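With chain A's structure known, arrange chain C on it following the hints.
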Amino acid sequence: MEILVLNGIVNGLIVGGIYALIGMSLTLLYGVLRIVNFAHGEFVIGGSFLAYALFSNLGLAPLFSLPVAALSFFAMGWGAYYLLLPRLQKSDDPEIMSFLMMYGVSIALAAVMLLIFEADSRSIDYSFTPISMKVGPIYVSTARIVAFGIVIVLAAALTWFLFRTLPGKALRATIMNPEAIKIVGVDVVKLSAFAFALASAIAGVTGVLVALVFPAFNPFSGAEYSIIGFIVVVLGGLGNPLGALLAGILYGLAEQLATVFLPQAMAPIVGFGILVAVILIRPTGLMGWRAQR
Amino acid sequence: MPPESSGAGRSIERASADRIYYTLAAVIGGTVGIYFLVVPVLDLNIAFHFYLMLWITMASAFNVAAGFSGYMPFGFVAFYGVGAFTTAILVKSLGFPVLLALPFSGVAGVILGLLFAPTLRLSGIYFAIVSLALAGICRLVISNMPDHITGGSFGLQLGSRAEPVHSFYVMMAVMLLALGTILWLSRSRLGKALRAVRDDAEAADMMGVNVTRVRLYGWLIAAFFPAVCGGVEAWYTNVVDTETAFNTLTTAKTVIYAVAGGLGTVTGPIVGSVVMVWLDELIWRQFPLLNLLILGVATVMLVLFLPRGIVGTILRRRPEWRRYIP
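Residue numbers (this note's numbering), protein chains in the order written: chain A, 3 to 295; chain C, 35 to 360.
The reader is advised that the hints may include incorrect statements.
[To be verified] Quick list of the computed label-pair ranges, beta carbon to beta carbon:
{"id": "1", "chain 1": "A", "residue 1": "182", "chain 2": "C", "residue 2": "157", "range": "18 to 26 Å"}
{"id": "2", "chain 1": "C", "residue 1": "181", "chain 2": "A", "residue 2": "118", "range": "45 to 53 Å"}
{"id": "3", "chain 1": "A", "residue 1": "184", "chain 2": "C", "residue 2": "69", "range": "48 to 56 Å"}
{"id": "4", "chain 1": "C", "residue 1": "186", "chain 2": "A", "residue 2": "182", "range": "50 to 58 Å"}
{"id": "5", "chain 1": "C", "residue 1": "181", "chain 2": "A", "residue 2": "61", "range": "43 to 51 Å"}
{"id": "6", "chain 1": "C", "residue 1": "354", "chain 2": "A", "residue 2": "97", "range": "48 to 56 Å"}
{"id": "7", "chain 1": "A", "residue 1": "62", "chain 2": "C", "residue 2": "325", "range": "28 to 36 Å"}
{"id": "8", "chain 1": "C", "residue 1": "61", "chain 2": "A", "residue 2": "97", "range": "36 to 44 Å"}
{"id": "9", "chain 1": "C", "residue 1": "313", "chain 2": "A", "residue 2": "268", "range": "37 to 45 Å"}
{"id": "10", "chain 1": "A", "residue 1": "118", "chain 2": "C", "residue 2": "157", "range": "36 to 44 Å"}
{"id": "11", "chain 1": "C", "residue 1": "198", "chain 2": "A", "residue 2": "77", "range": "38 to 46 Å"}
{"id": "12", "chain 1": "C", "residue 1": "56", "chain 2": "A", "residue 2": "182", "range": "33 to 41 Å"}
{"id": "13", "chain 1": "A", "residue 1": "92", "chain 2": "C", "residue 2": "76", "range": "31 to 39 Å"}
Hints in this document: simulated from the structure, not taken from any laboratory. Here the structure is a predicted model, which means the values were calculated and not measured. Just so it is clear, CB atoms sit at the ideal spot from N, CA and C, and this is done for glycine as well.
Looking at chain A on its own, in the form it has when it is part of the complex:
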């Protein structure tokens, strides 16, 4: 039993790290652009399929797909911003309409992946040597440990960027007070495009890690990640990147420990239950930093 619980905790941290990255990028998007990105899960799975395609066609190891995913998704995000957003901002209720629009984007992206890769579940047939490592009394696959290392580096880099550099501070300032930042003379359109591109890039990179950590993915698994992303974002407080980081790890732990004590299929119910409870009881999120918005 202790071994199982320990296993749950270690896997919870690893999976939670992935969820934290999804949540951080999603919350950044919401905070800066007031966009609820329903298609975020599809962005993530798009990254997984990119790694899959690169590996099966060019034999490129998943680790080398990371920069490719980051750059290509950054460019795509930049383009998508200018294609979709300026017109959306003109509608009566941009926030709820963004949800609907990204719903459409998510259906379209899933359909594109379905056309290219078909409906079968895919996995990258790549393994590190050694296949697994001993962490204390339990074995963890090397791929998961490597992915966790990358998650830590990325989360740290993102936090440093948001809190220590000028563009990062501008992003946070936009989240807190979008009117004031315009008065100070920041080009909000450019900044928003950058935020969209950055969030897409993180999603793409997360997708590569998803391919390493989770056994398989298919064109329709995106919706699951979107919903997990929402849970994490709401838990951490909308528009709060650090909150999302913590909430992601907490959620991963809760989900993995739930699989230890409950039947496998019940784990998502726990997740949905947490989401509903938090929104109803404490809509500002676990940290309740309203001032951060």
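Below, chain C without anything else, positioned relative to chain A:
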């Protein structure tokens, strides 16, 4: 309106506007009714028209939540799925006649609506996300129930009870009931109160509207019809399984059709469903593989270029028609 018009003049004018309104509603309703009535008689495509009526009903019910009350239930499929399973289980396990089981589907929808009622104090995006999560919970709970009740992953067969023409006419009755309800709602006190609460809950509260109760009534109307639709569809196809009964695409189509027509009007969801279902059928026949992609792209285009929908855009151009068009 001329400045000298007195209270009496205004009420005469309102009466004539009402007359045009109800005449138009009756003409539209009559045409739609007669058209669907003759579909099986003339041996037209029953499946196409059955689903057209289903989507009109779903989109109209969604309109009560989204257009009249200002909530965006992105987990709308929960009501549909629970309704489908209620009918299927009652017919299969308890031997109910289908026609007797269908009202219970509606009741199940209302009960589910009552269970979800606490979420009505949320607004905007929070409500949408919670609704989505609740639909997920419903799907998981039903798919984790014992196989002898819900049929597991194979689904439930209703037995040899498929009667396409009968279920077609029942669907038609449900659609007319839904449209009648919404027509009544749009001119009733409740409908006006709902719109007032949607636009400014605090002001409505000050004017003596019972905000909680009004929202609940609107919500329950929106919950009832999709549940009945689920039941009728289960009867029509004779099989229910969790994957199709709780398919997110059902919500997606409902939302898209309602928005395409225009939220907040009676005719909007009808026009939207007719246009979009017809387009969908056309695309499906020409490019079966691209269907999903085109649905997605159409949604994006709709939000970007026609956010108020077909009827909504017309009414925006001609605000004076608002009084006559249901």
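Consistency of the hints with the structure:
1. At roughly 25 Å, the beta carbons of residue 182(A) and residue 157(C) sit within the given window of 18 to 26 Å.
2. The beta-carbon spacing between residue 181(C) and residue 118(A), approximately 36 Å, falls outside the hinted interval of 45 to 53 Å.
3. Separation of residue 184(A) from residue 69(C) is about 54 Å and conforms to the stated range, judged on CB atoms against 48 to 56 Å.
4. Between residue 186(C) and residue 182(A) the beta carbons are some 57 Å apart, a value that agrees with the proposed interval 50 to 58 Å.
5. A hinted range of 43 to 51 Å for the beta carbons of residue 181(C) and residue 61(A) is consistent with their spacing of about 44 Å.
6. Taking the beta carbon of each, residue 354(C) and residue 97(A) are about 31 Å apart, not inside 48 to 56 Å as hinted.
7. At about 33 Å, the CB distance of residue 62(A) to residue 325(C) agrees with the hint of 28 to 36 Å.
8. Here the CB-CB span from residue 61(C) to residue 97(A) is close to 38 Å, well matched to the stated 36 to 44 Å.
9. Here the CB-CB span from residue 313(C) to residue 268(A) is close to 41 Å, well matched to the stated 37 to 45 Å.
10. Roughly 39 Å separates the CB atoms of residue 118(A) and residue 157(C), a value that falls within the hinted 36 to 44 Å.
11. Taking the beta carbon of each, residue 198(C) and residue 77(A) are about 51 Å apart, not inside 38 to 46 Å as hinted.
12. Remark: the range hint 33 to 41 Å for residue 56(C) to residue 182(A) is contradicted by a beta-carbon distance near 52 Å.
13. Checking the proposed 31 to 39 Å range against residue 92(A) and residue 76(C) shows it is violated: the Cβ atoms sit about 46 Å from each other.
In summary, the numbered hints that this structure violates are 2, 6, 11, 12 and 13.
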